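Colleague: What follows is the residue order along each chain.
There are 4 protein chains.
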Amino acid sequence: MIGQGFMGAAHSQGWRVAPRFFDLPAPVEMAVLVGRDAGRAADAAAKWGWTESSADWREVIARDDIDIVDIVTPGDTHAEIAIAALEAGKHVMCEKPLANTVEEAEQMAAAAERAEAKGIRSMVGFTYRRVPAATFARDLVASGAVGEIRQVRANYLQDWLVDPEAPLTWRMKKELAGSGSLGDIGAHAIDLAQFITGQRLTTVSGMLETFVKERPLLAEGSGLSGTASAERGEVTVDDLALFTGRFDGGAVGSFEATRFSTGRKNAFRIEIAGSKGAISFDLEDMNVLSVYDGTAPGDRLGFTRVLVTEEVHPYMANWWPTGHIIGYEHGFSHQAKDFVEAVANGTNPSPSFADGLQVQRVLDAVERSAESGSAWTPTA
Amino acid sequence: MIGQGFMGAAHSQGWRVAPRFFDLPAPVEMAVLVGRDAGRAADAAAKWGWTESSADWREVIARDDIDIVDIVTPGDTHAEIAIAALEAGKHVMCEKPLANTVEEAEQMAAAAERAEAKGIRSMVGFTYRRVPAATFARDLVASGAVGEIRQVRANYLQDWLVDPEAPLTWRMKKELAGSGSLGDIGAHAIDLAQFITGQRLTTVSGMLETFVKERPLLAEGSGLSGTASAERGEVTVDDLALFTGRFDGGAVGSFEATRFSTGRKNAFRIEIAGSKGAISFDLEDMNVLSVYDGTAPGDRLGFTRVLVTEEVHPYMANWWPTGHIIGYEHGFSHQAKDFVEAVANGTNPSPSFADGLQVQRVLDAVERSAESGSAWTPTA
Amino acid sequence: MIGQGFMGAAHSQGWRVAPRFFDLPAPVEMAVLVGRDAGRAADAAAKWGWTESSADWREVIARDDIDIVDIVTPGDTHAEIAIAALEAGKHVMCEKPLANTVEEAEQMAAAAERAEAKGIRSMVGFTYRRVPAATFARDLVASGAVGEIRQVRANYLQDWLVDPEAPLTWRMKKELAGSGSLGDIGAHAIDLAQFITGQRLTTVSGMLETFVKERPLLAEGSGLSGTASAERGEVTVDDLALFTGRFDGGAVGSFEATRFSTGRKNAFRIEIAGSKGAISFDLEDMNVLSVYDGTAPGDRLGFTRVLVTEEVHPYMANWWPTGHIIGYEHGFSHQAKDFVEAVANGTNPSPSFADGLQVQRVLDAVERSAESGSAWTPTA
Amino acid sequence: MIGQGFMGAAHSQGWRVAPRFFDLPAPVEMAVLVGRDAGRAADAAAKWGWTESSADWREVIARDDIDIVDIVTPGDTHAEIAIAALEAGKHVMCEKPLANTVEEAEQMAAAAERAEAKGIRSMVGFTYRRVPAATFARDLVASGAVGEIRQVRANYLQDWLVDPEAPLTWRMKKELAGSGSLGDIGAHAIDLAQFITGQRLTTVSGMLETFVKERPLLAEGSGLSGTASAERGEVTVDDLALFTGRFDGGAVGSFEATRFSTGRKNAFRIEIAGSKGAISFDLEDMNVLSVYDGTAPGDRLGFTRVLVTEEVHPYMANWWPTGHIIGYEHGFSHQAKDFVEAVANGTNPSPSFADGLQVQRVLDAVERSAESGSAWTPTA
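Residue numbers (UniProt numbering), protein chains in the order written: chain A, 1 to 380; chain B, 1 to 380; chain C, 1 to 380; chain D, 1 to 380.
Pulled out of the complex, with its shape left as it was, chain A reads as follows (with noise of 0.2 Å):
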């Protein structure tokens, strides 16, 4: 695993946990984490578990006995490290969004698509697809339980800027971040309203707006937390942004990724109408699905909550009986078990970089829009 910030934390815990609950193919080894500084990863590396720690990522993925490289970094090294990675021979896990810029994506996906033909798998880290209750809502979606979709409402709503004192970390940066809310948490609701619908975003419409135009340096300390100095620097990247697009099967979203949401913490909120029912989805409380029916009896209509906890559930049956419920990490486990399902079955695990890709098209389209006017622009 290169990275050791809060995300490689969820990571080792899906490498931890995942062999412990689910029957896995072949087993996991937990063993090198890079990081730039060699003593953190030291560190990190005897706190998460990894037998080894090193702070060269060539090296590492240069070694024989690395099968399965997971990347963890900030997005404007992801394309290096992935590329390398994959040339390597190693099959590549690496987080969202896939990379800062379209041109990155691209050629992370002309790699993916090389490696696989020598059967090197590839995946993009949209965690939240394995969710219980959204993997559920995709499949209640494809078995038509909902119809012919119509709208589409995400909003992914955070409120950790809401402080103007809050400091300038690395995810106000546009040269390290690629873009703010759209990129970090914009990119989510793409990806897992384009998932859970089965259809894809043609045009967008979309602005993008910063609230706070300057913030503290940040004196000591890095990745997402640290002291503030008294020095200013711009923040160069959105604290919102809103968009319409249409899907390519006849479905209208609207779209709201920010993290100046006062009062929602980690609010990701999904609405799907159709012409037959609707479901609604908060990750704030990720157990529950509300399904509505609209063939119910005219008396019994209403949204259904779902306790997304039994057997019969995606992922369920390997967890704790009925009622009892897990939390934001688990998703890191399902991906794990199924990147190591796909590895040793010689299947390609999803969502592929070319999907990832495709994220980063609406996102840059979005970015576009968002600098002509709003006007509709297409997606590819």
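Honestly, I wouldn't trust all of these hints.
Same chains, same names: a pair is fine if it fits in one copy or spans any two.
Said to hold, decoys possible - SDA-like, lysine to any residue: derived pairs with alpha carbons at most 20 Å apart:
no. : residue 1 : residue 2
1   : K47       : V28
2   : K118      : M30
3   : K118      : P314
4   : K173      : P349
5   : K174      : E371
Simulated from the structure, these hints should not be mistaken for laboratory data.
Computed from a predicted structure; not experimentally measured.
Knowing the structure of chain A, use the given hints to seat chains B, C and D on it.
Modeller: The following block gives chains B, C and D in isolation, referenced to the frame of chain A:
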């Protein structure tokens, strides 16, 4: 109508509005409002739209041009007025609880039975039976949707007495109110639980508690509000009633009635679980009935939040379009409508005085159980 | 009152009930109901309690004994009637939207301004401003509880047109209704968002969509119901309107109005987030306002579910005790009360025709944006 | 660890994960898994990551390299194993209920007291105390936020026995399980209510009910699942326990524990109301604590839905960013952490065996009350 407190306003709205939304078999004229104090009765009559007022209920019930007597006075006066009115050949609607004692209620039920032989109708005002969601709940249970009922949980929770300085009104004096939370709101819990389940409590085990034993006397004002004086008086009724019971159909139930449940304003919550399904209701959200269908597919199980505003729901075809909710007082219009229909059609309205007596017997059994160490006490 | 559809029933209830709960400075007499068809007007007058009926609105507005004209006809007739009534010296309450076009609305606003110089009052019926939770939301925002507003999310979702066989009523014909979801319910979303925030939309980017382009013609019946015939006609209005906007106070907003959102019956949801707090409202649960106080202690943060039924809440002291909820039509009583007070006290009621015109301009800007590729379009 | 059922999986996850997220004062080594059947124990050890397995718990507790014994077997074996382990000088964590009888629990508490004198620690696994929202509830009550506590409502509702054909497992046999819903989940309700309130039940009045008196025997399989045979056996434990109680601090409480509440999967709901505020919790939504502050301004009163995922909340600083929820098994990591800290720091972990004994006495009092007509029965 005899009485002019909070219930007078509610019943007046019922009589006023029912003919405007429902097609009644007879016209409704709001003829005379009777109150102890002539001046206040005249004011209330003008305010609420009654043609005349009077301070002498005996005179009014003797009038030939009066068909219906609606009694909304405190419980200690119900028996005398209702029996006199029935004997004068008037149809009688009487607020709940039917009386303050089993003895009075027995006399009233006997009077109602004698009157019925002459075609005179009577009804006790357990209005919540006519909240559409509650009526619908009864219909669902009667249709077998819940199967064999196993548990009933009925809590009626308010918090308007939490403040120990809230003054001592008639509702806290046993000689006027009969009992405290038990008779005031516990009576509703008993009636509605029995109504929805179609089962009757046969035996109960209960406790009563008075948390604040002395309160400031009312310096001036009456009814439920007024200014506190410096003197204090004893609270002679319960602040909380807690009891369990067994129903004649095999269900077991737990009940709580209190005006001390901080944060609950008018939370009358009923949950019923059976072999095939379950329902859940809360008066604070009275347009909703939550319905669980245990026969649904295993991945679709959950409580459905039915917004009881469809044309097919009880009483709702005559109000607003779907999704437009109704409020507290609509039950009084439904009650007025059903009573007028019964009188005009020569049928017996429900709940009868006999039903009111049966609730009184349950209340009495709870009090006796509480006095005898919570021992099981039969209700009949 | 001119008009006798669904809105006629609602306004009648407002006039009927307001004087019974509020102390009005002048008595309310429900004098004449006017409808195109004399027989149906007479029936409606009898049903709703109007003293007389008429088929000639011109005659009625010429009468000396009429002080107030309440217009509840379809939007294409508002301008002619309202202007005539104002010129006849009558105070005018006019249902929303003020008109079907900006031009008509401008004429109405001009007429209202001329009338105001003579002490004649006018008001447009954006009744939801008078839902106590909405009024309270406005008060909270005005008090600074939300801080600097950043996002507005306003969705008005219904589903009564999901069935493609629902017949073509006047609401689906552009010449009668002006627009579809946009003018019908989107107008409410715009007005209420502006009312609560105290900010006005300056520019919008929008799209309109018609999902079902042909529907059965009405064989018989009128208004919003009737029997479908075998013939079909074209739907000339939108089924869905989706737009974003910028407010003059710096907030950004997203709006959706649709009668196709399966499962949502009357879900008018508004969320407002600011630098210090946030609020959330849903008309299906209209007695509740969820309030987030960002200045609360860090371990106590969260949305507080305020049941807006306390004496201190707007309008609520005159209804029922705490916890006893009100329904859809109570807003019409509040509207009647406020209008009578304004007329009697010689003040201008709100929202004015000028406010109605401004909403009309926003609706028009959304339509023009939709026609020009969703480009940003100024509202003035 | 001795035992390998559902609780074995949960405890294993606790030991596995705790050191990866918390900074423990001592390393955790998952040494030996003990199970009655050597083969199954070996499989479970491999699956869950224990270094060794054994079929002989006596041998294992005699080993010098074992410091901690974690007992997750059925309740009838707790006393023998725990006492032996304590006498062998091992720190003991024992699943709840502490034992199946008061007598066994007394012996265990006595053994724990003797061991404590030698620095040997023991703890009973009422894990729900370590759900952050529950710990936070305790903290709030202790801080006085709720004031003087008046009511406790504690329901633990599941529905996995509603099907009368669900087979007869050890949990339905009195000789193995001690009691039914009462000891299994009612014990949690008692413990958590006492933990949060800081008060102890002094007297109870209760009833027990067995709805389905015969069930198919298990043909094969064990634990909580397996295939049903054609033969039937008697259910010798309760399906439902319903009781009321008085606490030593003046509060009154109502309790229900049942595995027959159709639609409730793992609904452990606790409501506490006091003179100043109230709290409400539901394990199905375990990351949330609803808090009512009765001292808030009159127009802002309501339950605040606190998402207990902030750094300042108990245990949460070590998991994920705000808004990222945790699941059922996290309590086991918190329990492991706290136990390791107590052992390493030489302090007594909580809840102690004496606490477990006290819960056992309450369970026993409920059973005795149920046998004596629901009469008030002291718990000590």
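Colleague: Please list, smallest to largest, the hint numbers that this structure does not respect.
Modeller: When the structure is compared with the hints, numbers 2, 3 and 4 turn out to be violated.
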